[in-house]
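Chemist: Next come the chains, spelled out residue by residue.
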Amino acid sequence: MKENKNISGFKTPENYFESFEERLFSKISEENFPKSTGHKVPDGYFENMEDRVLKTVINSASAPGREKPTKVISLFPKKYFGYAAAIAASLIIGFTVFNTETDNSSLDSLQLAAIDTYIEDGNLNLDLYDLTSYINDEDFNDLNLDDRQFSETTLENYILENLDEETLINEQ
Amino acid sequence: MVEEQELVTALQTEADKEFAFRELVSQYKERLYWQIRNMVLDHDDADDVLQDTFIKIFRNINSFKGDSKLHTWMYRIAANESITFLNKKAKRNNVSMEKVKDNALRNLESDVYFEGDQLQLQFQKAIATLPEKQKLIFTMKYFEDHTFEELSAILETSVGGLKSSYHIAVKKITEFIKTQDETL
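Sequence lines, in order, name chains A and B.
Residue numbers for the first sequence follow our numbering, so the first one is 42 and each next one is one higher.
Residue numbers for the second sequence follow our numbering, so the first one is 174 and each next one is one higher.
Keep in mind that the hints are not guaranteed to be accurate.
Result set (EDC-like, lysine to aspartate or glutamate): computed pairs, CA atoms no more than 20 Å apart in a straight line [claimed, not checked]: (1) B/K272 <-> B/D215; (2) B/K190 <-> B/E179; (3) B/K264 <-> B/D215; (4) A/K76 <-> B/D318; (5) A/K81 <-> B/D221; (6) A/K76 <-> B/E317; (7) B/K229 <-> A/D92; (8) B/K229 <-> B/D189; (9) B/K202 <-> B/E179; (10) B/K262 <-> A/D162.
Calculated directly from the structure, the hints in this document are not laboratory data.
Work the whole structure out from these sequences, hints included.
Modeler: Shown next, in the form of structure tokens:
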């Protein structure tokens, strides 16, 4: 091919021509796709949605800051709290001093596998947004991310076994 | 229409919150609904997910720091809620994701809220074969006309990655429709 005599100064993004056909053919195929989904909604569905959503939001009991203050009637009058606290404290001290046996009811005794299954079964209904509401910026700073958790060979093996071409293309 | 920044400020002020939220719902209900509907297919499911999305927005608005645009943040919540919903549905019925998709498609044929013709049904079937993330990218780009730049902010993926993902989706859909036509 003859080389251009004058240079315009324009340039194209990297790999523009390499991927041109792919983009062109995809555009041509797209032309044949239906233009709408075919879905419809019940009549009047979008009307008054504001009211319905607000009602649900306000009714959802656990919405923080939405609970109305309710008058609390104490089951035990406050004056007995002192005695109760004193008795409880002496019981705890007595228990810790005299009970030398190891305590098996701690979290450690819960089998890790049981916790895994619990989470995998979807019983822990937390998603990203719920989680982030429990975490503040300081927690992130305190996080000690150990980047040497997996050895290079382990990572390499994992990638070889689990990654297919498509993922690679998608993530490039 | 109230400007987005004003809306955020009002939403984060206790006294104006309810009024601002009403405005927010009215501005975004249809766009979020269609994004969700394209993922879950069934109208009642879409309604549930839409409600959950708005509840999540309402509850978390105080922690919204403005690192992204408000609407970007909302689309992201709707996307996550849709995928979480589909996963939960599969878990609840103790079936695979594939089975959930099959059922949703089968129901589509008799759905009173689906008025698509044979080609549109075929198209929905083809879209359903895509992996969740690709399906999200394809439907948000094709039906809702988001730009790749917007999608990149919503889905936190590079523009290049999105483009190739979209083209792969188009290719898969074309091939699916072609093989279906041949077997007919």
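Chemist: The structure should be examined with respect to each hint, and the outcome stated for every one.
Modeler: Hints and how they fare:
Among the hinted pairs, B/K272 with B/D215 is consistent with the structure: their alpha-carbon atoms are about 15 Å apart, no more than 20 Å. Restraint check for B/K190 and B/E179: satisfied, since their Cα atoms lie roughly 12 Å apart, inside the 20 Å limit. Restraint check: the Cα-Cα separation between B/K264 and B/D215 comes to about 18 Å, which is no more than 20 Å; the hinted pair holds. Only pairs whose Cα atoms come within 20 Å are accepted, and A/K76 paired with B/D318 is accepted, the gap being roughly 11 Å.
Taken as a hint, the A/K81 and B/D221 pair is honoured in the structure, with Cα atoms around 16 Å apart against an allowance of 20 Å. With a C-alpha separation of about 11 Å, the suggested pairing of A/K76 with B/E317 holds against the 20 Å cut-off. Proximity of B/K229 to A/D92 is assessed by CA-CA distance (about 16 Å); at most 20 Å being required, the pair is judged to hold. Between the alpha carbons of B/K229 and B/D189 the distance comes to roughly 18 Å, so the proposed pair stays at or under 20 Å and holds.
Distance check on the hinted pair: B/K202 and B/E179 sit about 19 Å apart at the alpha-carbon level, within 20 Å; holds. Between B/K262 and A/D162, the direct Cα distance comes to roughly 12 Å. Compliance with the 20 Å bound is thereby established for this hinted pair.
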